[in-house]
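S.K.: Residues per chain, in single letters:
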Amino acid sequence: MTSIRQNQEPPRLPDFCNLGVWLRVLLGVNLLAALAAAAACRTIAELPEELSRLAVFVEPPLIASLMLLCLVNRPVLRSGYAAGAAAVVAIALATTAGIHLVLTPFAADVAAPASLAAALFWAALAAAALLCYFAIRARLQSPALAEARLMALTARIRPHFLFNALNAVLGVIRSDPRRAEQALEELADLFRVLMRENRDLVPLSEEIALARKYLDLERLRLGDRLQVKWDIESCPPDALVPPLMLQPLLENAVYHGIEPAGEPAEITIGFSRRGDQLLIELVNPYAAGASEHAGNQMALANIRERLMLFFDLEARLETTAGDGRFLVRMLMPYRAGPAP
Amino acid sequence: MSAALRVLIVDDEAPARGRLKDLLADIAAELPNVVVGEAADGIEALERLDAQAADVALVDIRMPRLDGIGLVQQLARRQDSPAVIFTTAYDQYAVRAFELSAIDYLLKPVRAERLLAALKKLAHAGIDAELLRRLAPEGRRHLTSTERGRVLLVPLAEILYLKAELKYVTARTRERDYLVEESLVHLEQEFLERFVRVHRSCLVARAAIAGCERGADADGETRWQVLLHGVAEKLPVSRRQWPQIKALLKEDG
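So the protein sequences, as listed, match chains H and P.
Going by our numbering, the residue at position 279 of the first sequence is 279; the numbering climbs one at a time, nothing skipped.
Going by our numbering, the residue at position 65 of the second sequence is 1065; the numbering climbs one at a time, nothing skipped.
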C-alpha cells in the first residue's frame, strides 16, 4: 500500500478557468445551499422563499470567487497543493465577507441577513467540500487511470493502412529505390510518434508535419487520386493541441473519401482561431452510407474521448454529412505554446 | 501446361500492380506466365477481358466503382471468365468469408511462394454460384452493358423495367435504355424479389409500379396497363400475369 502511495502524485487543484470546473462548482454550491435551505424550513411551502433569500447571499460571492480564482489561476496552481488550497479558501472567505458587508445595508428589508460569522462558516465549508470533491475526482481520473486510457486510445492505427503502405513500398523498391527509402523513413517517423507516450499537448506545427508525412505515404499508393488542400493561413503558429488528432482524421478521410472514389478527390483541411478557441475543419467527399461504417465511428469516438481527457467539456467534435461531403469540426481551447 | 498462363492484374494501386508483375516475372521460370492486362477497377477489368481473354485474374477487393466481389459476380454471368484469386491487404470480414467459402486469397504484401502455390492450385479453384452466394448473400447490385468497347454499370436499384427484344434485353432507367446481354429468364430467377413479370417479355421493378389503368390493345379489347414512377410509359399486362399484378397492387394498398 505504501509503495503505491509513494508513487502517487499529490492531488492537483482544478483549472479554475475551465468551463466544466465552473459548472461543477456552481452545481455543487447550489446543491449545498438547497440542502441548507431545506433544513432551515419547517414546511415545504417556505422552501422557495428561503431559497431565494439564500441566493442573494450565495450567488454573488460564488461568482466573484470563481472569477477571482480564474484570474489568479496560474499562481494558485503553481504554488503547490497546500498553499493553493489555502488560497482558494481565503479567496472564498474574502469575497464572502466583502460582498456581505456591501450587500447587507441594501438587502436588509428583503432578507434578514445571516451574521457575518455564519456566512464565513458556510463559505469555508463549501470551499472545503468542493476541494475534497475535486481531489477525489482527480485521484479517480488521473494520473495512472487517465494515462492508461490515453495510451490505449492513441495506439490505434488501421492495419489496412500499414499493410497497404508496406505493399506499396515493396511495389516501388525495384523501380524507384529512392522513393522506397523515403517512404520507409516516413513510416518510421509515423510509428515513432504512434508508439511514444502521447500524454502532453504538442505544437500544432508538429501535428501538421506528421500529417504531411502520412499523406505522402498514402500518395505513394494512391498517386494523383489523393488531392489535399491545406488552409493554414489563419492558423495560430504557436497553438498546442492533443497529439495524434489529425492523422486519424485524415486516415478516415482517405479510407472513406478517396479510396472509394473513381476519380481524383480532394480533402480540405483548415485551421483558424476564434477568440480563445482553435477550430480545425476537415472536409472530404463521401458516398452516401459510407459514414455509418463502424470503423469511422470508432475513430471519431476515440478522438472525442481523447479531447475530453485533455479539455473536459471545453472541446467539441461535430460531424456533418450531406451533399456528398463529410465535414468534421473540432473546436478546442486555444493554448499558446512557446513561439516556434 | 503447354502455353504460358495468361494473367490479368486488377488493383487500383499502381505500386501494388507493379509488385505483382515483379513477382510473376520472378516465378516465370517455374511457372511460365504472361501478364495480358492490368486494370484499376472492376469495370476496366471487364473491358480488358472483352478485348483479351485471360486464364486467371488477381483481383483486389477494395476498389472504386466496381469492387472485387462485384467483379466476380459479373464474371460468373459471362462465358470464358478467368479463374479468380483475391488479394487483400487487411479486411477481416472478407478474409473470414473466404475461409468459410474455401476461396483462395492472397494477403498483401504477397510473397512469391504463396503466389506460385495459388497459381498452381488453379486447376481446381473456381468460384461457382453456390460459393458466390455464400460470399455475397445480397447478390449483384449492377448489371453491365457494353457500348463501343466501354463497359457501363447499370445499378439495379435504378432499373424501372427489363424488356426482352430480339436477342437482347433492354434495361430502362429514368434516364435511358441500356442493352444487357443476359436472358430475361435468368434475370427473373436471379432477382425474384426485385422484379415481377407483367408480360411474356417484360419484368417490372416492384418499387417502380405506381398503379394501373385500363387501356385497349390493337384488337380493341380492353387490357390492363401498369403505370410507372418517373416515366410516362405504360406497360401492357398480359392476361396470364394480371391476377398476380392485381394482388400485388392490393397488397401495397
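To be clear, the hints were calculated from the coordinates, so they are not data collected in a lab.
Among the hints, erroneous ones may be present.
[To be verified] Every beta carbon over 12 Å from chain H, so not counted as near; a handful from chain P, in silico:
#	residue
1	E1013
2	D1104
3	V1196
[To be verified] Derived DEER-like restraints, expressed as beta-carbon distance ranges:
#	chain 1	residue 1	chain 2	residue 2	range
4	P	P1137	H	G20	56 to 62 Å
5	H	D224	P	V1231	34 to 40 Å
6	P	E1182	H	K229	39 to 45 Å
7	H	D189	P	Y1090	19 to 25 Å
8	P	E1182	H	P159	49 to 55 Å
9	P	K1246	H	R316	28 to 34 Å
10	H	S205	P	K1120	39 to 45 Å
11	H	E305	P	V1231	46 to 52 Å
12	P	R1078	H	P159	30 to 36 Å
13	H	S272	P	K1021	56 to 62 Å
14	H	S175	P	S1201	53 to 59 Å
15	P	D1022	H	D189	24 to 30 Å
[Unchecked claim] Output of the computed footprint for chain P on chain H, the stretches with three or more beta carbons under 8 Å from beta carbons of chain P:
#	segment
16	30-42
17	258-265
Cβ coordinates follow ideal geometry from the N, Cα and C atoms, glycine included.
S.K.: Hint by hint, say whether it matches the structure.
M.R.: Cross-check of the supplied hints:
Remark: the non-interface label on E1013/P conflicts with the geometry, its nearest Cβ contact in chain H lying 4 Å away (cut-off 12 Å). Every beta carbon of chain H lies more than 12 Å from that of D1104/P, the smallest distance being close to 18 Å; the non-interface claim holds. The claim that V1196/P is not at the interface with chain H holds, since no C-beta of that chain comes within 12 Å of its own (minimum 26 Å). Range check, P1137/P to G20/H: about 48 Å between beta-carbon atoms, so the 56 to 62 Å window is missed.
In this structure the hint that D224/H and V1231/P lie 34 to 40 Å apart at CB holds, the actual value being about 39 Å. For E1182/P and K229/H, the hinted distance range of 39 to 45 Å is satisfied, since their beta carbons lie about 44 Å from each other. In this structure, D189/H and Y1090/P meet the distance hint of 19 to 25 Å, their C-beta atoms being roughly 22 Å apart. E1182/P and P159/H have their C-beta atoms about 39 Å apart, which leaves the hinted 49 to 55 Å range violated.
Checking the proposed 28 to 34 Å range against K1246/P and R316/H shows it is violated: the Cβ atoms sit about 56 Å from each other. Taking 39 to 45 Å as the suggested C-beta distance range, the pair S205/H and K1120/P does not conform, at roughly 53 Å. For the pair E305/H and V1231/P, the beta carbons lie near 50 Å from each other, so the given range of 46 to 52 Å is met. Checked against the hint of 30 to 36 Å, the C-beta distance between R1078/P and P159/H comes to roughly 34 Å, which is consistent with it.
Separation of S272/H from K1021/P is about 46 Å and departs from the stated range, judged on CB atoms against 56 to 62 Å. For the pair S175/H and S1201/P, the supplied restraint of 53 to 59 Å holds, since their beta-carbon distance comes to about 55 Å. Distance hint for D1022/P and D189/H: a CB-CB separation of about 27 Å, consistent with the stated range 24 to 30 Å. Coverage of the segment 30-42 of chain H by chain P is violated. Counting CB-CB distances below 8 Å, 0 residues qualify, and the rule asks for three or more.
Counting residues of the segment 258-265 of chain H whose C-beta sits closer than 8 Å to any C-beta of chain P gives 4, which meets the bar of three, so the coverage hint holds.
In summary, the structure is inconsistent with hints 1, 4, 8, 9, 10, 13, 16 from the numbered list given earlier, while agreeing with the others.
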